[in-house]
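Keeping the supplied structure of chain A fixed, place chain B upon it in accordance with the hints.
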Amino acid sequence: MTGPQPPQRTSPADPEVSTTPEPPAATAAPLKQTERPHPLTPFVRGWLVFVAIAIGWGRELITGASENQFEGRGLTWILPVLGIVVVLAAVTGFVAWYFTRFVIDDEELRVETGAIFKKSTKIPFERLQSVDIIQPLAARMFGLAELRLDAGNSTTKLRYLSRAKASRLRDYLLARAHGQQASIRDLDQQSAASVFTDLGESDQRLVQVTPQRLIVSFLLSTEWLIPAAISIIIVVVTASLGVVPLALGGLIPLVIGMLSLIWRRVIGMFNFTLAESPRGLRITRGLTNLTSQSVPINRVQGVKTSQPLLWRLLGWYRVDIDILGYAHGDGEGNESTASSVLLPVADPDEVELALGRVLPGFDLDSIELSPSPNRARWLRWFDFWTLRYGWNDRTLITEQGWFTHEREIVPHAKTQSVRVQQGPLQRLLRLADVHIHTPRGPVNAVAHQLDEHAARELALSQLDRARVARVAERERRSVAAVPNDDREGEARLLTAFGTGRDQLLGSGGESEVFAIDHDRVLRLYRSRHEAPQGTSAQLRTLYDSWRGIDIGIELPLIIDGGERDGCIYTVDRRFSGRSFSSWLQHADVAQRRPALVSFLDATEQLQRLPSPVPGFARLIGEGAPQQFGTLSELLATMLEGPLQTSRTRLEHDVPGIVAVWNRLHGDLAERSITPALVHGDVCPPNAYISQGPLGPVVTGIGDFSPHTINADPLLDLAGALIFLELEPYADADADAGWLEAVAVERHGREIARWIDVYRRYYGFYFSNAYAFDPILYAWCLRQLSR
Amino acid sequence: MEELFAPPAYEWRRLSPKYRSMRILTSLIVTPVLFTIPALIVGVASGEWWVAGLIWAVAAVIVIIRLVFVPRNWRSWGYVEREDDLYITHGVMFRNLIAVPYGRMQLVEVESGPLERAYGLASVTLKTASPETGARIPGLTPEEATRLRDRLTELGEAHASGL
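Residue numbers (the working numbering), protein chains in the order written: chain A, 1 to 786; chain B, 1001 to 1163.
Since the hints were derived computationally from the structure, they do not count as laboratory data. Here the structure is a predicted model, which is why all the values come from computation and not from measurement. Keep in mind that the hints are not guaranteed to be accurate.
Negatives, chain B to chain A, calculated, CB over 10 Å [unchecked claim]:
1. Arg-1014
2. Ser-1021
3. Val-1068
4. Asn-1096
5. Gly-1103
6. Thr-1128
7. Ala-1135
8. Arg-1147
Which chain A residues stay away from chain B? Per the calculated CB distances, all over 12 Å, these [said to hold, decoys possible]:
9. Leu-259
10. Leu-261
11. Glu-276
12. Gly-390
13. Arg-394
14. Gly-423
15. Arg-427
16. Val-446
17. Arg-492
18. Arg-520
19. Asp-550
20. Val-589
21. Val-744
Some chain B residues close to chain A (C-beta under 8 Å, calculated; not the full set) [said to hold, decoys possible]:
22. Val-1042
23. Val-1044
24. Phe-1094
25. Ser-1130
26. Pro-1131
27. Glu-1132
All C-beta atoms, glycine included, are put in the ideal place defined by N, C-alpha and C.
One chain only, chain A, in its complex shape:
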């Protein structure tokens, strides 16, 4: 569902889909030509009723045969009744067909139904969630198909249309639903889709399940083997005792259940094909009834892969998805309803391919899974070793089960709510469960039997991740809502510099950086950023003033800049090294420690850079350069901006924040130093590392920004030490402590006090991160409550 959903909407009736009963006079749109469905419709519908009745009666006759001694008489009166019912059904079908009219043209999509109570349903194109084509056997024999339009919570059926027409309308409607300005006339010439798979020429097959695999997988599935084994046991036991008829009472429902399983899992899934069309993913399946269903990717709420015991031998998986609004049918995938099955059986490569489509950017290998503690075996003796959970920046995963191994994948942005639960036995063992709630469907992510503190940590941090992901999604939507011209402008600009989205080196809050060649990068400012033009011009002047000054490390340089195609950009000199931050994650401790010392050295060199203005001053940003009499005044001004947004937040989260604030200013007033250049954000992501003669050393510091000031050089030293704690590798905290000891050894004990003071300064300075970076915000809170 797109757009904000105001709460307290007491009924699910969508205001977007107006289903207002209108008087007949008003429904007649005089100018527009409306159509009726295909004229064969009443026959097909009548035939369906006939078949349904025949089956119903047939079952009655067979099961009741033994008791009913008047079968002959029964049949004679059944026939005329049957005839009447069929005629009635045909008449009803005819009336329904006669009064059904629809319009699908360039302006609107409207369906009118009802002979006595008229109903007119008009669906805005952009509200369409999916358009499915369903061909029951009877309709299929006549070359007819049902078009099912799903918008929000309401489903509108158009039956029946000729198959070619249905697929043409589907393509048109999906194009309009995606916001494309298609005209219905353009689509008239398209070639029709294949009769057996309903795939057109423009569709690319991703996964096709062969009948052999479908049948083998079915025969090996637990849900088939268990009833099959039970029936065999019943037959063998009763046969050996010679009392087979006694077993029928139990056997018949079992066999009926097995037949329905075959119907759903084999007949319904026959020829299962997952294809990619220009309008998204599409699933077609079915032996008798052919269903063609589109998968609205933005409505996928979670994914589940499952593997029954015997499938493990063959490495097969089944993949189900939660699609918003689909589950109110039967989620199981009956022959004619939309189903939640993404792949009934697939090998790991196919699973990966499909997961890549429904969860773009999903990478299972990047997620480290933690097992539940060993003491979980007392409660889950049957599968405790399979319990695992983990997450990365986009998704959360839980795993469980030995008999059927299940893995649930939930994107953070789709998390609805979180629950921690602990029963009495769990309390004794200090274990707890965490439930991650997602909308109704097959996916049900529960991290079982975690250590209780890990459980609490997982639940609370998941809320933070979900919030950040929601904000990011909202932003992505607003970016996507930017008129196409802007994005085209960006693409044109990238092409003009011989680069592209695939060359993205990094992105921050203010800009994105793309590689042009070995020596240059293109920095593209986000258009939302305030006055980027001014910032980049100020930075350019600053960098230019440092030309020819050698402080032993590489500094940034802006070669060119300007505005083009509606984007503000600069061309910067490319640093020779690679990102220090990404290097740190994979380096071992023996390499890291010398590199960190070189990072400290490089930071200490920054203060040798000349400032364009003397004294305490802001150097970059609106109104800069701006001079101040004291350090305390300058830093108070620097904190104004961030605190404007985070003040109320901090007042809630840090008890006694006012005292912390006053103490910071008291401390700053005591500091007496000569001002020098301060980068303001010396951290590993802004540093570059190259291979030196004695090992890797930090050779460059980039990304000066509005944080850059002329103030206490110890600010950068403190930053270099303490921002290290934010690096996402395991020993970051230990390294930060170690590096601080190195710095204290170099500069004397008293700097430890000032590092502490500046911890609090940075804690305030970055506190506006609560809105976009919970990890940074949590770090800020730690600094402020020290």
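Using the frame of chain A, we list chain B on its own:
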């Protein structure tokens, strides 16, 4: 132990004491009535009144257990409105901590049955797109229930995000 189910850096708001009184009353009435019917039937039908006595004894034990647990259960309930989410905790044997982000709320319901009305109580339920959320706070005073509903609705609108 307690801190496992505590909200981060906040104090729980507790339920009205009237909710405890109501639960005690229902415990005193419902179980005895439920057990008295079979006890009478057995007694009258068979004349073996000692069986009926046994049933009553079981009822008495259950009532005592409930009377012990009701105040503890009442104490276990708590909720707190944070900036971005609502936390609810409850349960003595099976303990729960539920967190619902305001951005995920679809609907806030205030309910008050006849017994609750007699006690001047109401309950507030938060619904999200997930049926498992189960975020219900019983035993609120009507003023608190209304305040909570309005507050949550307001926060929900401010945080609303698509699904």
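Status of the hints after comparison with the structure:
{"no.": "1", "hint": "Arg-1014", "in the structure": "holds (19 Å)"}
{"no.": "2", "hint": "Ser-1021", "in the structure": "holds (27 Å)"}
{"no.": "3", "hint": "Val-1068", "in the structure": "holds (15 Å)"}
{"no.": "4", "hint": "Asn-1096", "in the structure": "violated (5 Å)"}
{"no.": "5", "hint": "Gly-1103", "in the structure": "violated (6 Å)"}
{"no.": "6", "hint": "Thr-1128", "in the structure": "violated (4 Å)"}
{"no.": "7", "hint": "Ala-1135", "in the structure": "violated (7 Å)"}
{"no.": "8", "hint": "Arg-1147", "in the structure": "holds (15 Å)"}
{"no.": "9", "hint": "Leu-259", "in the structure": "holds (31 Å)"}
{"no.": "10", "hint": "Leu-261", "in the structure": "holds (26 Å)"}
{"no.": "11", "hint": "Glu-276", "in the structure": "holds (24 Å)"}
{"no.": "12", "hint": "Gly-390", "in the structure": "holds (20 Å)"}
{"no.": "13", "hint": "Arg-394", "in the structure": "holds (16 Å)"}
{"no.": "14", "hint": "Gly-423", "in the structure": "violated (5 Å)"}
{"no.": "15", "hint": "Arg-427", "in the structure": "violated (8 Å)"}
{"no.": "16", "hint": "Val-446", "in the structure": "violated (10 Å)"}
{"no.": "17", "hint": "Arg-492", "in the structure": "holds (30 Å)"}
{"no.": "18", "hint": "Arg-520", "in the structure": "holds (39 Å)"}
{"no.": "19", "hint": "Asp-550", "in the structure": "holds (49 Å)"}
{"no.": "20", "hint": "Val-589", "in the structure": "holds (33 Å)"}
{"no.": "21", "hint": "Val-744", "in the structure": "holds (32 Å)"}
{"no.": "22", "hint": "Val-1042", "in the structure": "violated (33 Å)"}
{"no.": "23", "hint": "Val-1044", "in the structure": "violated (38 Å)"}
{"no.": "24", "hint": "Phe-1094", "in the structure": "holds (5 Å)"}
{"no.": "25", "hint": "Ser-1130", "in the structure": "holds (4 Å)"}
{"no.": "26", "hint": "Pro-1131", "in the structure": "holds (5 Å)"}
{"no.": "27", "hint": "Glu-1132", "in the structure": "holds (5 Å)"}
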